[in-house]
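There are 2 protein chains.
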Amino acid sequence: MELNKLFKPKSMAVTGISKKNPLSAGRIIFVKNEFEMDVKVYGIHPAGGELEGIKLYTKLNELPEIPDLLVIAVKAEDTLQYVQECADLHIPAAIIIGGGFAEVGNEGLKRQEKLEKIAFDNDIAILGPNCIGVYSPPLIDTIFMPTERITRPPKGSVALISQSGGVLVDQFFHKFNQINIGVSTAVSIGNRAVVDESMLLEYFSKKDEDTYNIAFYLEGFKPGKARKFLELAKESEDMVFTYFGGITEQGKTATQSHTASLSGNARILSAALKQHLIIQPRSENELLTFLKLFDILSHKKKPFGDKEVVYGRVAILSISGGHGVICADMLKKYGLSPVKFTEKEQQEMKQLTNPVAREIASFNNPIDLTGSVQDEDIERVLEYLSQIERIECVILLILPYAPSISFQIGRRISNVITNYKKPVVFFSPYIQKYGLIIEALELGNIPVFHSIKEAVQAVSAMKNRTRIFNLKIDNTFWEDR
Amino acid sequence: MELNKLFKPKSMAVTGISKKNPLSAGRIIFVKNEFEMDVKVYGIHPAGGELEGIKLYTKLNELPEIPDLLVIAVKAEDTLQYVQECADLHIPAAIIIGGGFAEVGNEGLKRQEKLEKIAFDNDIAILGPNCIGVYSPPLIDTIFMPTERITRPPKGSVALISQSGGVLVDQFFHKFNQINIGVSTAVSIGNRAVVDESMLLEYFSKKDEDTYNIAFYLEGFKPGKARKFLELAKESEDMVFTYFGGITEQGKTATQSHTASLSGNARILSAALKQHLIIQPRSENELLTFLKLFDILSHKKKPFGDKEVVYGRVAILSISGGHGVICADMLKKYGLSPVKFTEKEQQEMKQLTNPVAREIASFNNPIDLTGSVQDEDIERVLEYLSQIERIECVILLILPYAPSISFQIGRRISNVITNYKKPVVFFSPYIQKYGLIIEALELGNIPVFHSIKEAVQAVSAMKNRTRIFNLKIDNTFWEDR
Chain A
1329 MELNKLFKPK SMAVTGISKK NPLSAGRIIF VKNEFEMDVK VYGIHPAGGE LEGIKLYTKL
1389 NELPEIPDLL VIAVKAEDTL QYVQECADLH IPAAIIIGGG FAEVGNEGLK RQEKLEKIAF
1449 DNDIAILGPN CIGVYSPPLI DTIFMPTERI TRPPKGSVAL ISQSGGVLVD QFFHKFNQIN
1509 IGVSTAVSIG NRAVVDESML LEYFSKKDED TYNIAFYLEG FKPGKARKFL ELAKESEDMV
1569 FTYFGGITEQ GKTATQSHTA SLSGNARILS AALKQHLIIQ PRSENELLTF LKLFDILSHK
1629 KKPFGDKEVV YGRVAILSIS GGHGVICADM LKKYGLSPVK FTEKEQQEMK QLTNPVAREI
1689 ASFNNPIDLT GSVQDEDIER VLEYLSQIER IECVILLILP YAPSISFQIG RRISNVITNY
1749 KKPVVFFSPY IQKYGLIIEA LELGNIPVFH SIKEAVQAVS AMKNRTRIFN LKIDNTFWED
1809 R
Chain B
1329 MELNKLFKPK SMAVTGISKK NPLSAGRIIF VKNEFEMDVK VYGIHPAGGE LEGIKLYTKL
1389 NELPEIPDLL VIAVKAEDTL QYVQECADLH IPAAIIIGGG FAEVGNEGLK RQEKLEKIAF
1449 DNDIAILGPN CIGVYSPPLI DTIFMPTERI TRPPKGSVAL ISQSGGVLVD QFFHKFNQIN
1509 IGVSTAVSIG NRAVVDESML LEYFSKKDED TYNIAFYLEG FKPGKARKFL ELAKESEDMV
1569 FTYFGGITEQ GKTATQSHTA SLSGNARILS AALKQHLIIQ PRSENELLTF LKLFDILSHK
1629 KKPFGDKEVV YGRVAILSIS GGHGVICADM LKKYGLSPVK FTEKEQQEMK QLTNPVAREI
1689 ASFNNPIDLT GSVQDEDIER VLEYLSQIER IECVILLILP YAPSISFQIG RRISNVITNY
1749 KKPVVFFSPY IQKYGLIIEA LELGNIPVFH SIKEAVQAVS AMKNRTRIFN LKIDNTFWED
1809 R
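Protein chains in written order, with my numbering: chain A, 1329 to 1809; chain B, 1329 to 1809.
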């Protein structure tokens, strides 16, 4: 089944447009695509006429062309007739927004079976039902929430596939926007009657050139399709992430009523995912941290060149003793370890810092340059650390509160990293007035995080990435190294 | 030793003011207190003259009065003479900003011993050395970072005591400001040569009427003072929180160079803290969540009246199935359990919702009102849940993306909670354009969180609070109930 018309349609028709209710799903989708997106849109309304000055067509077969995609936003009972029309008119793809199918049982289940039969018999790529569809910029956006209500993420390397529309627009879109992670295409699969997670994994791995990372929120695999998914993930050249909801008993009860799916035994699942080189973040926050790091590393302008190989040996450079301590505490939990500096190295670093800081600073690992630090101290010590081969990654903990840190600090650090290409993960509090510092780093494609934990998680993500690449390339365990 | 002059001084003198360097610690402290704080400030400079138009005195004994507090921001070698002057002039309190004492070993250690002797012999409440001192609004602020660089938290119920100045201004001040937690007084204890964590715990428990919650960031107890601290915590009517840095081997290495302290065996420590009714959050984020909740519950206007007793039975009300699932998954980990709704209750709730949502909504626990929800649905179902006795707390997961949710939703929910006084924890994404919704809830003293995890943690905090109150009141284990 070809999915490209679902994500890259030249033309699209929308049904279920209400003339009375400006908040009806079909109307929101119709208007936002007409006004904001690049696709050619046709509105269908039994009475014809116009809406917001745009002509409406009474029937699909009256359109000036056969559209690539049909968005169906009518009641469950009226849905199948449109699916049949797709078959009759050879419309290759459809998105069904409404609920009232397998998730409500009985009649809905029968309805969904009919839908599946038409789709598979006629090779129609149907997404849903019970979903919010596709966000594929700059072409289409079938999310039935008004654009001004949601927040859209920037364009980037991550394909997002979610079994929950709410999770897609909130846990992903909003957070991606907030912490600057880029999305290639986002898909809400709903009941996944036809198009399922495996088909999407295959499409984004093999067909979509903008995607380098594929992240799934699932509440279980489609029955009978788990094996397929795992094999595709292992073969994929992209990084594959899964985050599962409904893995506890309480959560399972919830999913039964939600999307009629149920995950298997959590431990077996987890072992299978790992074996197939799928990354399973421990929390939603960790997922976001991983994706942010991987999105940056997928940029054409690789900030760390070919050095993004990290086995876990880090140096911590801080200007607050407590931050260094908290960071060091977290290393072990994330499979990382601090390198030990020689007496000579410590003395040399000491000589690189200003006379006031020097006397109270500490040059163990974590290094604490103290609140008496100046820009040059950080710059010079970072250059020094960048040249120590056994340090694979530097965690930089910078608080711009210190009186002598200037607005130049972001650019200075960014330049050092770009010169030496040593992997560096940067922590700084997220405060609007320091936006300039953060921006200087982000423009240089340096990963910036706003909690110590996230910075440490990001390094563990680089380690994970190294492991998976090694396994994908020569199938040897990197731990043997 | 009386500490009140340290936190509530009427007058204060500052030494270590540089006329050449506007970023010297003493000068920053002098100017910010003179310009921004309520205390009467005197600046000391050997050459006299003036600074920013303010008269400087050449010596302490030339001041028009004996100040309550002296801030000493000179080099280590010059510090002791000022400490001796405090003794000679009967200045009852001092804050020593500079380092170069026990934390650098040898000579520094001897210097610190001399300092201690003078302080204890003369009953001078000395804070530090090697600290950023005290923030006690509206009176004093001895933080040597310029005020415009740091972010100050609002006024509230939490006393903050930190062994790291960086942690105080960043992990606490900045985050408190961001998520709206109020501080009564904040103290950086540095090397705690004289004033230590136990003395502060006693002071804030017994002497300070604005404080209801006391939070510590420590890297170990002062040697020989652990027992005292634990006993004071158990007796205290305030809630006591500790967050420890340096509990892993990596972290310990870091603290040795930082503040010359070392925590004992982490497991023994943890058991002792629990036994003495000290709350130990598992992460910095959990600490912040707990403090936010406790700060709100300490307000005079108690949002939940006398009902803030929670043993763990919750209802989840969501408008996104996935959010409900993720929330339900987390309950068990936090010692919470979902109540089960009867068939009758489910039918009654169904009747309270609009006809479109009703057909696709789910009334299990978690309840999913779907994206077709309207304000009234949430209002009515919340009222219904508020009247079910066996529900101790409602977790409300509201995404304002849904087309029919209005800007009124925050106020409507706030009013229901205020009427019924059922404990409710609210989740909503943190997006500027929805500030109005969040503000309506915060004005009603309803706890609002911006991740599902934090909302669940907050309920576990209420449960924890119930446990500790029960134990403090009648010393019976609440689990027996």
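Hints are not guaranteed to be accurate.
Copies of the same chain look alike in the list, so a pair counts if it fits in one copy or across any two.
[To be verified] Pairs of lysine-lysine residues, derived as DSS-like cross-links and limited to a Cα-Cα distance of at most 25 Å, are as follows:
1. K1668 - K1630
2. K1387 - K1368
3. K1535 - K1672
4. K1672 - K1580
Hints listed in this document are in silico derivations from the structure and should not be mistaken for laboratory results.
Results for each hint:
1. In this assembly of identical chains, the alpha carbons of K1668 and K1630 never lie at most 25 Å apart, being 28 Å within a copy and 52 Å across copies at closest.
2. Proximity of K1387 and K1368 under a CA criterion of 25 Å is satisfied intra-copy only: 17 Å inside one chain copy versus 81 Å between copies.
3. In this assembly of identical chains, K1535 and K1672 lie within 25 Å of each other by CA distance neither inside one copy nor across copies; the values are 53 Å within and 51 Å between.
4. When the C-alpha separation of K1672 and K1580 is checked against a cutoff of 25 Å, the pair qualifies only between copies, where the shortest distance is 22 Å, while the shortest distance within a copy is 58 Å.
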